[in-house]
Structures are given as structure tokens and as C-alpha cells.
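In the working numbering, the protein residues as written are 42 to 213.
Among the hints, erroneous ones may be present.
What the hints assert, rightly or not - Only pairs whose alpha carbons sit at most 25 Å apart, straight line, appear in this in silico PhoX-like list of lysine-lysine:
{"hint": "1", "residue 1": "Lys125", "residue 2": "Lys108"}
{"hint": "2", "residue 1": "Lys108", "residue 2": "Lys53"}
{"hint": "3", "residue 1": "Lys108", "residue 2": "Lys166"}
{"hint": "4", "residue 1": "Lys125", "residue 2": "Lys160"}
{"hint": "5", "residue 1": "Lys140", "residue 2": "Lys166"}
{"hint": "6", "residue 1": "Lys140", "residue 2": "Lys62"}
{"hint": "7", "residue 1": "Lys140", "residue 2": "Lys59"}
{"hint": "8", "residue 1": "Lys119", "residue 2": "Lys62"}
{"hint": "9", "residue 1": "Lys160", "residue 2": "Lys108"}
{"hint": "10", "residue 1": "Lys160", "residue 2": "Lys53"}
{"hint": "11", "residue 1": "Lys162", "residue 2": "Lys125"}
{"hint": "12", "residue 1": "Lys108", "residue 2": "Lys140"}
{"hint": "13", "residue 1": "Lys59", "residue 2": "Lys119"}
{"hint": "14", "residue 1": "Lys140", "residue 2": "Lys125"}
{"hint": "15", "residue 1": "Lys119", "residue 2": "Lys108"}
{"hint": "16", "residue 1": "Lys59", "residue 2": "Lys108"}
{"hint": "17", "residue 1": "Lys120", "residue 2": "Lys108"}
Since the hints were derived computationally from the structure, they do not count as laboratory data.
Given the structure is predicted, the values throughout are model-derived calculations rather than measurements.
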Amino acid sequence: MARSYSSRNVRKLASTGKELKDNFLRALAEREEANRSGEMTSIIFIRDRNSHGQEISGYIDYSHRLKSEDFEPYFSGKKRLMPKTTDLSFYNWGTQVAKHNGSSNYEVITENPSGLLFKCKNDRKILNVDLEATPGDSSTRTPVQSDLYVHVVIYDHVTRKPATSSCAPLSN
42 MARSYSSRNV
52 RKLASTGKEL
62 KDNFLRALAE
72 REEANRSGEM
82 TSIIFIRDRN
92 SHGQEISGYI
102 DYSHRLKSED
112 FEPYFSGKKR
122 LMPKTTDLSF
132 YNWGTQVAKH
142 NGSSNYEVIT
152 ENPSGLLFKC
162 KNDRKILNVD
172 LEATPGDSST
182 RTPVQSDLYV
192 HVVIYDHVTR
202 KPATSSCAPL
212 SN
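Given these sequences and hints, build the entire structure.
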């Protein structure tokens, strides 16, 4: 018997139909479906200036943000994606406010001499964001030249198998 799917079961990608003029937005669009489906998770590093002119930087769990926020305004150019104090990592260079938070996909490891590490909750693999080190098993680092931001790097982590919630904890 053929299974019928209602339109509510098919999620439209936020990037669909948008004219993406910046390399960063195109890179996010290329990864959107895989991050929504759980085939991979991406961590986005952004360094830029906020609306007060202060330099901020941070690591954003793209998959987690896709689930908790509407990305249409980012892809349409109405809003700029910026690190928040609730992301994996946030640092305001002007006020020296630093925050670290785990997400549904990653645990943040701060007790490391060479800097931050992110541990995927699904496969327990470590993603290393130190530019002098390799990013780790099943992970890649992609610097992105952007006209919208001072500095952007995307770290992609391919999970062993697609999960219903990307990088969701393994069941025993």
C-alpha cells in the first residue's frame, strides 16, 4: 500500500528559492538539509562586530540553531547570523564576557591546553577547532571567505548514521 505524506511532514528548507549572494550563505544552504536530517552537524565559527561596534566571536551549533530558530531571515538577508551567549561558545572582546554551553549535539570541553574541544553526543568523537591541529575523525574544517563577516570557519562532522535528531545520544 502506498504511503501518503501530508505537506506538514515535508519541511521546506529555509534556503530554498533564495538568491544567495555571499559565500557564507551559500555554504550554509549547501549544509542545511544534511544538518536537518542528522547526516551531519556543522559548527560555525564567526568573528565580527556587533551593533555596538564590539568585536565578538563564537561557535554556533548549526543543526541545533536550525531546530530552534527560523533561518529564513538569515537566508533572505533580513538578519545576520551572529553568536549568542546561548551558543556553544561566545566571547565579547570589548566586555570580555565569555560563555560556554552544551547543545543537544555537543558537549563543550574547556579544560584543554590547546583550546576548546567539542564532543559529539552521538558518536562521542572529538572535534578540535585549533587551527594547528586536525579537526578529528569524520570532521573537516572549511574557511569561508565572506563579505558579510570578518572571519568564518565551518566545521562539518559526519555522523556514523543518520539519526532522528542530529547527533542525538546513542540508545543503549
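For each hint, the structure was consulted:
no.: 1; hint: Lys125 with Lys108; verdict: 15 Å, holds
no.: 2; hint: Lys108 with Lys53; verdict: 13 Å, holds
no.: 3; hint: Lys108 with Lys166; verdict: 22 Å, holds
no.: 4; hint: Lys125 with Lys160; verdict: 20 Å, holds
no.: 5; hint: Lys140 with Lys166; verdict: 22 Å, holds
no.: 6; hint: Lys140 with Lys62; verdict: 32 Å, violated
no.: 7; hint: Lys140 with Lys59; verdict: 33 Å, violated
no.: 8; hint: Lys119 with Lys62; verdict: 13 Å, holds
no.: 9; hint: Lys160 with Lys108; verdict: 19 Å, holds
no.: 10; hint: Lys160 with Lys53; verdict: 29 Å, violated
no.: 11; hint: Lys162 with Lys125; verdict: 21 Å, holds
no.: 12; hint: Lys108 with Lys140; verdict: 21 Å, holds
no.: 13; hint: Lys59 with Lys119; verdict: 12 Å, holds
no.: 14; hint: Lys140 with Lys125; verdict: 9 Å, holds
no.: 15; hint: Lys119 with Lys108; verdict: 19 Å, holds
no.: 16; hint: Lys59 with Lys108; verdict: 19 Å, holds
no.: 17; hint: Lys120 with Lys108; verdict: 17 Å, holds
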